[in-house]
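Okay, here's what each chain looks like letter by letter:
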Amino acid sequence: MKLKKLMACILAVSMAAGMTGVSGVSAEEEKTLTIATNFSYDSIDPHEGNSSWYNGVYGLTENLFKIADDTSIQPCLAESGVMEGNIWTITLKDGIKFSNGNPVTPEMVIRNLQRSAEINAKANFINDFKFDVVDDHTIKIDCGDEYPTLLNTLASPGYAIADLDATTDFTKELVATGPFVIENFEPGNVVSVSKNENYWDGEVKMDHVDFYYMQDDDTKLMAMQNGEIDAYTGVTAAAKEIYEADPDTYNVVTLPAKRLQFYILNENRLSEKLREAINLTVDANAMEEYLGGTVTATVGPFSSTVQYGQVTKPAVDTEKAKALIEEEGYTLNGDGYYEKDGTVLSLNIAYYASRSLDTLATLMQEQLKNIGVQASLTCEEDPDATYMSTGDFDIALYCSIADMTGDPEYFLSGLVNGFYTIGGFQDEECSSLLESLRHEADVNKRAEISNQIVQRLIDQNAYGFIALFNKITVLKKGVTGYAETSPFDFYGIDADTTIE
Amino acid sequence: MFVKQLLLQVRKDKMKKYILKRVLQLIPILLGLSILTFLLLYISPGDPAQKKLVSMEAMITDELLEQMREEMGLNRPFWQQYADWFVGILHGDFGTCYRDGLPVADKLFRALKNTAILGGTSMLLAMLLAIPFGIYSAVHQNKIIDYLIRFISFVGNSIPSFLLAVLLMYFFCVKLKLFPVVAKKNGLKEMVLPAIALAVPVISRFTRQVRAEVLDQMGRDYVHGLRSRGVKERYILYRNVLRSVLVSIVTLAGLSLGSMMAGSVVIETIFGWQGIGKLVMDSITARDYPVVQGFVLIFGTIYVMVNLITDLSYHFLDPRIKKEN
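So the protein lines, in turn, are chains D and X. Mapping of the first sequence onto this note's numbering: position 90 corresponds to residue 90, and the numbering continues sequentially without gaps. Mapping of the second sequence onto this note's numbering: position 266 corresponds to residue 266, and the numbering continues sequentially without gaps.
Please note: incorrect hints may appear among the correct ones.
Stated by the list, open to error - Listed below are the simulated SDA-like cross-link pairs for lysine to any residue, each with C-alpha atoms no more than 25 Å apart in a straight line:
#1 X/LYS177 to D/ASP246
#2 X/LYS184 to D/PHE490
#3 X/LYS185 to D/MET287
#4 X/LYS175 to D/THR249
#5 X/LYS185 to D/ASN184
#6 X/LYS51 to D/GLU409
#7 D/LYS240 to X/LEU167
#8 X/LYS184 to D/SER194
Keep in mind the hints are simulated off the structure, nothing from the lab.
Same shape as in the complex, but just chain X (with noise of 0.2 Å):
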């Protein structure tokens, strides 16, 4: 009993120092992300200050490029532009835009909170149809339902996101007039749309994927010896196929996830969901660096952390993985 508990205990301080590595990592991934885009943005074509004149519309002269440059700061050298810019967020300030001088902070965080809602409804919406969706179709392999399945996630990911959402909208605002076509506000009824045009292409690969991977265990020896033990077909697929296949379809949806929570610009500009998608493309064309820097840093960090929860997914739903470690 002693020993069963002083093994507990030794696992979870190992998942604790698990945690803890993973988390300290992020450090240098952040620090090498933020010196190198800022790299990047500094060496690329366009000066900010050029551009922020000619969306005002003013006649650039030498004087007044000189003189907004310098307001902006941007006549420092890359080395001293950074430095302020690291100082900054050590101490919570990404920053001004370049474009408004508002916080970038405000910005990036009221457009995230737009998109990882939609995001991460769109995420559910396509686990919850995916799943049962490829299931039904590999066990109905070569049967009508199979080749329909089949059929429509082909035709899902195939068809482009912007067609996709306009077609969307058409039916069910215009013709149907279920939803509004102006989104008022970023709410249940406005998000319905724009969470389904942005989970169909996920919904039609991991449906695919999933099918794929339940007919490969199937086929596996174990799935015969349960068969021929007498377990119920039910039985076999659900408490064991399902199991193995989890760990696949939670690699995808980490992977698929952070796509989704950097935004898709074409179903933001669509619908009018407010997103982050659109506000860094936007920032991009500006060379607004605060906003796109902010962007970097944030997205980095949600990567690294859907990644760690990835990972440590797996020890839950694979035995085998929980034993080797």
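Next up, chain D with everything else stripped away, as it sits in the complex (with noise of 0.2 Å):
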């Protein structure tokens, strides 16, 4: 009797130990990873101006194509798009369905990009475009007029698509096609994402992410080396250097993005020989080096790795800087600044105290200088308010996306004449390659179009590119596929993101 209850005892702890591995993944199987972000939105809305740019980082939203790491178009969610004249046929591709299950259709996808125009600004001109469903595949877009870089901009935030129907709150709850659906939504704090069960598109390999609302870089520094946080974007100087001692635990991943810092050269006070005398003079690797790898000097307003960014400039002399400022009757005082007619050349450069634009300013004055040329230095709160708009300057440092569609046209309008142009900038030779631009489908002949526009805009001392703001990724080793390699923001997790 006693043996039988010891057995019958014995009998029940193996069943109970045995059950304990048949209930599914355990806990220590889930993959989960920490992100930091210098960023926060109070929605998640896919196409509002400022949220749709990081429903791509959170990996909810995807667009009809995407932007590759060499800034070409490829599909995502349409497998082509074709240009005939006016008219833009894309196909979308098979097997396309929300993470609801329910199938991505034309009529959907038409619905999301009128969404967009009503309520994002920057896309009303969708508004002036005619849609035509031709099969349950397949949509005619007439833009009304040629649009080559209509797949850029259908690539570029703004744009994504989302099942507008089971979607009932776009704020804080979205039904989308991405590999991540949202799992919880703190405007402000963290946003936590889970593996899309229903993605279209082949296995998620993480099941669930936490991004974490971080502003401060020395936080995000201290979370890394503590382990509280596995990835993040933006990593300063000071912390890459960090980082990059101790390769053993953390992967740095550097390139140049698309965030440019350059000056615009007032046409209406200086003149051509002072203007490329200050040109001659700013040396951007200097800079660079002083900002300690966090931007890249470059040449055009592109980074030199795309076919758009196939210019030159000369290099920095500023013996012929000094013999241009001669040439304008101007010669140095005692003091060592240049004068002319008892008046020192003194020339004021505007900037605002962000993007590393102040340090920037410090170093253009000691570099002018240096040659002797006095420079003064007004910091404004919002530029857009003033010398923007004033013109009150004598050179205007700004800092702005170039490259968003990984297209040049869109930056070059301003450039040539748009937002830009404050400075005094006219020349029909730009603008009527400009429009020519406009008109371009050819891919290779739209970048020489581009190229050619901006080795006019420098050969004529309009602007001052500087550099490239370095888009810095450090990875707890082992963890792959937050977009390191890509130069665009507002792509972060896929389907591809791991732990090891």
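Take the two lone chains and join them into the complex the hints point to.
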């Protein structure tokens, strides 16, 4: 009897022990990542101006096309896009579906684009488009005029495709096609996403990712050192040095991104020779060195790694710069500054204290001083309301994303006859080239035209292009797939993101 | 007895009238504040429509700017914009944020709750530490402990808050691993270090103030009189001197609470605490008028109410004020 009881107990314990291995994936096997972000918006609306930028980082949404690391346009939800005159024919891929299992239909795609036009001022040009559903995979879009860069536009933030019928509150719930779905959204604190079990494009490797809003650089550094976060972008020069000193623990990836530091030379105040002298003096390489690896000196507004970034500029030549100033009738006075008719040559450098422009302004002042040109600094809290509106500057420092869509036209239009011409730049040839760019569909020819425009801007000393901010990403060893090789800020986790 | 009850009732009625009067004063104060703030924002350089377009990385054209201004209602005259906003306030509608179109009230009250928790905790910590330290320092004047407390309060008052915050985080989170760096929620554990960072300058100021007040009171005639009658030192300190000191402490606390409640941008940024300081700083930079206006309205009310509570507390703390009333 006692033996029977003992046997029964042993059997019961064995069965209980066996049951713990049957319940499914244990907590240890769940793959989780924690990532720090330096941005936070109160909405995950895929079409709203600001928040739409980051839905791709969270892995929630996808567009019809995507921009590859080399800035070429690649298929995503759409298989292809073909332009014939004013009309684009977009063909969707087979089997694409939302996270709730609903298929992505042409009608839903059209509704998404129209919603984007409705709520995002930047997209209101879509209101002029005419859409036509050809079959259950094909859409024709009549743009009204030639629009060679439509696919680039559709690949950029604000044009993601969501299930508009299933999503009830766009600010905190979203049903879309991305490899992840929203699990918890606390504005200003944490965005938690989990694997989309219905992902249309294969297996999603991560189970769960948390994005914590951490704006302070020291906090992110300490959190990384403490092992509380696994990755983040926007690493400072000081933190980069610390991480690079420990390659067994951290992997640091640095590449030139798309945010450009540049200056506008005021043609209404500065002669051609003075402008040339300034451009021959400003040493972008020295600035790059000073900024400790957070920027990469650039010749033009676009990285030299892309087809439309193939331009040249003269090397720094302070002797030639001095000669040009002297040709203008200036002579050096006893204080070591150039003057003419008793008036010292003094330039006003206007800037705002953001994106290291304050540092650049000081360095620029120093470099000009070294050749005998006095420079005063004017710091404005809001450049758009002050010197960028009034034109009250000799040299205006500014920072902007030069390449948001893998195509140069958008930024070039600002330089040639748009927002940045506050310095008085006007050139018929550039305007003509820009017009031909607007209608050119061939990617290679577009790059060629773009290079011609930028070369003219450099040759005419209208602007000075200093540096492109580097996208510096730090990842814990074993973490990959946080878009560390993409120069664009609006990509983040995807189906291949993983942690070993 | 009847007369006593009658006098009590009269005093209660007077108190109610006083409180009502102070509350009613809120109306012209808030009206004036809101008009002034609206006007200052309106005339300051910076176009909210342009700022929004820049933040969206949109290429600004005159047409787009005009369209955005129309969408945001910025093409209306100043008085109409203000009137619409004011009517909305009367209906409890603080408007929508220019940047993302979300209700201002939700953003402000969510942030306010977090700031109130942090600010309140810091103030409590400050009072619990500053008063005993100040008293101890005064009672042991010119002894080593007095010098030590004064030195520490001097350092605490001098150290920049961002440096203190980073040092606290480094020692307690990274080195000692007692607290997490990442504030995963606005909970108790996450609140300890930011509360300390916010409280240290206040503790330092209060400690020195309490010490000075206690020393001043200890030199008064009534204290000498109590001592000469054989009253114990501890009794003199806690039953007489402290009550006199409390009036100035309450005044200081009232003034400090307001600034604490307005939030510390630096502390909130470093610790990731979702408070109101950072929200308002970002809104001012973005020229997000509705958020700034809502903030001014809420904090105007808070400041007035805090001042009222401070004034009322004198009535109970100081018998001389009670007698005058």
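Now the hints, each set against the structure:
1. X/LYS177 to D/ASP246: holds (21 Å)
2. X/LYS184 to D/PHE490: holds (24 Å)
3. X/LYS185 to D/MET287: It is violated: about 40 Å lies between the C-alpha atoms, which goes past 25 Å.
4. X/LYS175 to D/THR249: Measuring from Cα to Cα gives roughly 18 Å; hence the hint holds.
5. X/LYS185 to D/ASN184: Holds, at roughly 12 Å.
6. X/LYS51 to D/GLU409: Holds. X/LYS51 to D/GLU409 sits at ~22 Å (cutoff 25 Å).
7. D/LYS240 to X/LEU167: holds (20 Å)
8. X/LYS184 to D/SER194: OK: X/LYS184 and D/SER194 at ~17 Å, within 25 Å.
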